[in-house]
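J.: Here's the letter readout for the chains.
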Amino acid sequence: MAKFRKKGQRTVSALSTASLPDIVFMLLFFFMSVTSMKETDYKVKIKLPTATEVKKLEKKSLISYIYVGAPLASFQSKYGTEPRVQLNDKISDLSDIADYIEGERQSHDEYEVPFMTYSLKVDSDAKMGIVTDIKQELRKVQALKLNYSTLKLERK
Amino acid sequence: MKKVSDINASSQADIAFLLLIFFLVTTSMSVDQGLFRQLPPPNENNKDEKVDQINERNILVVLINRDNQLAVEGEITDINELTDRTIKFLTNPTNSESLSEQVPASKKYQEAMDKGKTEEAAVFKTLEEQCGNPGITRGVVSLQNDRGTRYDVYIQVQNSIVAAFNICRDNFSKENWGKPFEELDADKQKLVKAVFPLSISEAEPREVK
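Chains as they are written, first to last, in the working numbering: chain F, 12 to 167; chain E, 51 to 259.
Just chain F, with the same shape it has in the complex (with noise of 0.2 Å):
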């Protein structure tokens, strides 16, 4: 004796999306853990130069930078168009990269002040005076490590 069902009653059941929510919290945290926040807006030009002996930055926390280049076109009108020097997010003057980093050594504790490095992100286009001016301001208040920033090329 055959058993017959009623045809149109098998319909498949809904696929189930409880692990969804999973899917994507994986996929958050390990954004979360590669990256890290964009430090500043640029409101200078920037494009790194490349070099090959490069050295990763570690401890994000203790490294402040300067970056230097020629303003973009929305600040021109204000700043002209050689490069200049920006802070934070303000484009500044060289007698202000003093102030700068007794603000910097102010924000973190006593101990860290010497490990703290100085991070300079210069257009390539951009002429040593002002990279040698900074480097002058730096070394009056003692901020001696620097880093140049590069983007990494492989050597030949």
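No lab work stands behind these hints, which were simulated from the structure alone. Backbone N, C-alpha and C fix where the C-beta goes; we use that ideal spot for every residue, glycine too. Keep in mind that a hint or two might mislead.
The list that follows gives simulated cross-link-like pairs (lysine-lysine, DSS-like), each with its CA atoms no further than 25 Å apart [said to hold, decoys possible]: (1) F:K89 / F:K70; (2) E:K167 / E:K240; (3) E:K238 / F:K67; (4) F:K56 / F:K138; (5) E:K243 / F:K66; (6) F:K67 / E:K157; (7) E:K243 / F:K67; (8) E:K167 / F:K156; (9) E:K157 / E:K167.
Pairwise CB distance ranges (calculated) [unchecked claim]: (10) F:T46 / E:Q239: 25 to 35 Å; (11) E:P230 / F:S44: 26 to 36 Å; (12) E:L68 / F:G114: 44 to 54 Å; (13) F:G114 / E:K229: 38 to 48 Å.
With the hints as your guide, set chain E onto chain F.
T.: Structure of chain E alone, referenced to chain F:
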């Protein structure tokens, strides 16, 4: 008893997606990297004294002018040759009078002891015992640039000089331990660094013709 129905969790995915997209937008994947350099302290009297002590043959003078031309020891050189020139200067394979002086580790040990730097002396002692008293260079690379030099040329020159030091260190560690410098443990790296100390001296800013 009243039965509590399950909380609908279907919107959880949406919330998580929102967070995910937020992090994707605000973050950058690129790792910061670059060339590390230690600036000299601002004391100028000290610096002049140091320069006087260094023999002429132990200084490799590298000049970059405002037209981004490179001169090594007075002659115009292509930037691609700089690494080889520096390696030759540092290792001095032919024992030439014009390239850097090679001092045996045992003598360096004595010098450090005379100055009372026991920590430094200990490193040279270990070198003498473990690596067969290698010659240690007294070479210093002196780099001078003009205010009009382009930044990327300056970085390339810096990079070429650092490359020379790294290649020298690599060769030394491969000869002694059969491993590149990066794979050595910290103590051995210290030894290699003592043989090839990264000594790049940058002049006080002035015009370079």
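J.: Can you list which hints this structure breaks, lowest number first?
T.: 1, 6 and 12
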